[in-house]
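Colleague: Listed here are the chains, written in short residue letters.
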Amino acid sequence: MKRKIRVLVAKPGLDGHDRGAKVVARALRDAGFEVIYTGIRQTPAMIAEAALQEDVDVVGLSILSGAHMVLAPKVKQALNEQGMDDVLILLGGIIPDEDVPTLQAMGIKGVFGPGTPTPQIVKFILQELAEPVT
Amino acid sequence: MAHPQLNTLAGLVSALLAGNRRALARIISHIEDNTALAQPLLAALYPRAGQAHIIGITGAPGTGKSTLVNGLAGLYRQRRLSVGIIAVDPTSPFSGGALLGDRVRMRDLAGDPGVFIRSMATRGSLGGLAQATADVIMVLDAAGFERIIIETVGVGQSEVEIASTAYTTVVVEAPGLGDEVQAIKAGVLEIADIFAVNKADREGADRTVMALKMMLNLGIPDKYQIMHHGRMLPVTLPLASAPDQQWIPPVYKTVATQKQGISELLEGIEEHHRYLVASGRRQLRSHLRAATELRMILRDTLLDRVLAELGTAAIDAMVHAVAQRQIDPYTAVKQWVAAYNHRPTT
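From first to last, the protein sequence lines are chains Z and A.
Its first residue numbered 1, the first sequence is counted upward by one per residue in the numbering used here.
Its first residue numbered 1, the second sequence is counted upward by one per residue in the numbering used here.
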């Protein structure tokens, strides 16, 4: 059987606006991924724990509160601490352009702002997870 | 950070037995994806399983199964019992994707090393569980979890697979979903060892409880007959020591969101567990599970073999002939079996 791509979609921090996260979760489901949706107000430790138990390939974070420069690296660090440094981390929400290079340097590979067409996110995941050609 | 030991059979097994949760998660993925390591892993872990009490939670969508599981697991943790949870949600028949959302209701359990939650998609299976569910239960059992709770997909009336997988099946009802006629229909209500009428703070809860009790008063089918019906290997079963010790499914009222009635429900589950052990029925149930499992694996293995031997061209031709009514499906299968039996030996 072909390996199913598993994606965790989570909202760290205190903002409760989860519509964007739900739209992305639905789009990823329709792309044939198994999406584990954990809901709002997740701590970085909770996200890392769920990512480990669910053995996901991708962690998608949605942050609209402006706290992304604090929260996203904390999630990355929590994942690294449990040996999951190979998990692809995506970030969506209201992210100023000037933050994007810093985030990418921290290992948050995909950053998607408002209005991103969902097929673009799907394409990004498929490209990043594709087996390297040998 | 590399974990090279988690890439090999021996490494995965020894890490799992040492309590490594990453290894547990990886092993479950191997089994779900049916990788080359899946069967050797199952073979290595099988002898270590068999200790856990397996609890199935089933019922219609929206009756509050996830919230009940959250409450039950929390109480088990207060009793210092470790809990593995498998939450099954449906795979879309159109995209093959799935949205697994049961964790949303289980956030109380986060951060507890005595709890492990895994979401599973049905991946085309129709009985309310995923195909690999029984194997994943076995892995959690081998990993040492003392109670394993399986939450099925939101079921309708006939998804009764959980009854042959769990030792104790809890059927969750909610007020206002049906009348007394629903309660005497066959199917999911017959598989209950325990009923939970959840959302019992809503109007109509007492009526639902009454309807269930009325159904139970009309007589309780013996579950072992149900499970024996039409889907078993012809095996001699060890007889329960005292078949007259019948279990009458109790009905509990719960309000899972308020954590009301959960400890009574948990006591009921533990009572059923003690009943199964004392009456010899746990052993009987293990026997039935083994028979069901062997039958399914045998069927799948033979099916794969026969289909591989026939080849896609011959299969396509036969499907076409049956669809065109040039041949009936029973004769077609007879011809396939004959072709398989007379295959050239190499």
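Calculated from the structure, these hints are not laboratory results.
Hints may be right or wrong, so weigh each one.
To be verified - With a straight-line Cα cutoff of 20 Å, these simulated SDA-like cross-link-like pairs (lysine to any residue) come out:
| # | chain 1 | residue 1 | chain 2 | residue 2 |
| --- | --- | --- | --- | --- |
| 1 | Z | K4 | A | D328 |
| 2 | Z | K4 | A | A110 |
| 3 | Z | K74 | Z | K4 |
| 4 | Z | K4 | A | E270 |
Claimed, not checked - Partial list, computed: chain A residues near chain Z (C-beta under 7 Å):
| # | residue |
| --- | --- |
| 5 | L17 |
| 6 | N20 |
| 7 | R22 |
| 8 | R103 |
| 9 | Y252 |
Unchecked claim - Chain Z stretches covered by chain A per the calculated footprint, using a threshold of three residues with CB under 8 Å from any CB of chain A:
| # | stretch |
| --- | --- |
| 10 | 28-38 |
| 11 | 116-129 |
No residue lacks a Cβ here, since even glycine has one placed at the ideal position from N, Cα and C.
Colleague: All hints, please: hold or fail.
Modeller: To see whether the hints hold, each was checked on the structure:
In summary, the hint linking Z/K4 to A/D328 is not supported, as the alpha carbons are separated by about 37 Å, beyond the 20 Å threshold. For the hint linking Z/K4 to A/A110, the alpha-carbon distance of about 25 Å lies beyond 20 Å, and the restraint is violated. About 27 Å separates the Cα atoms of Z/K74 and Z/K4, which puts this hinted pair outside 20 Å; it is violated. Only pairs whose Cα atoms come within 20 Å are accepted, and Z/K4 paired with A/E270 is rejected, the gap being roughly 37 Å.
Interface hint status for A/L17: violated, as the beta-carbon distance to the closest one in chain Z is roughly 18 Å, over 7 Å. Against a cut-off of 7 Å between C-beta atoms, the interface hint on A/N20 is violated, since the closest Cβ of chain Z lies about 10 Å away. Contact between A/R22 and chain Z, as hinted, is supported at the beta carbon level, the nearest pair being about 6 Å apart and thus within 7 Å. Using the Cβ-Cβ criterion of 7 Å, the hint placing A/R103 at the interface with chain Z is satisfied: the shortest such distance is roughly 5 Å.
Because the beta carbon of A/Y252 sits about 27 Å from the nearest beta carbon in chain Z, more than 7 Å, this interface hint is broken. Chain A is given as covering the stretch 28-38 of chain Z, and this holds because 11 residues of the stretch bring a CB closer than 8 Å to a CB of that chain, at least three being needed. For the stretch 116-129 of chain Z, the assignment as covered by chain A is violated, since 0 residues bring a beta-carbon within under 8 Å of that chain's beta-carbons and 3 are needed.
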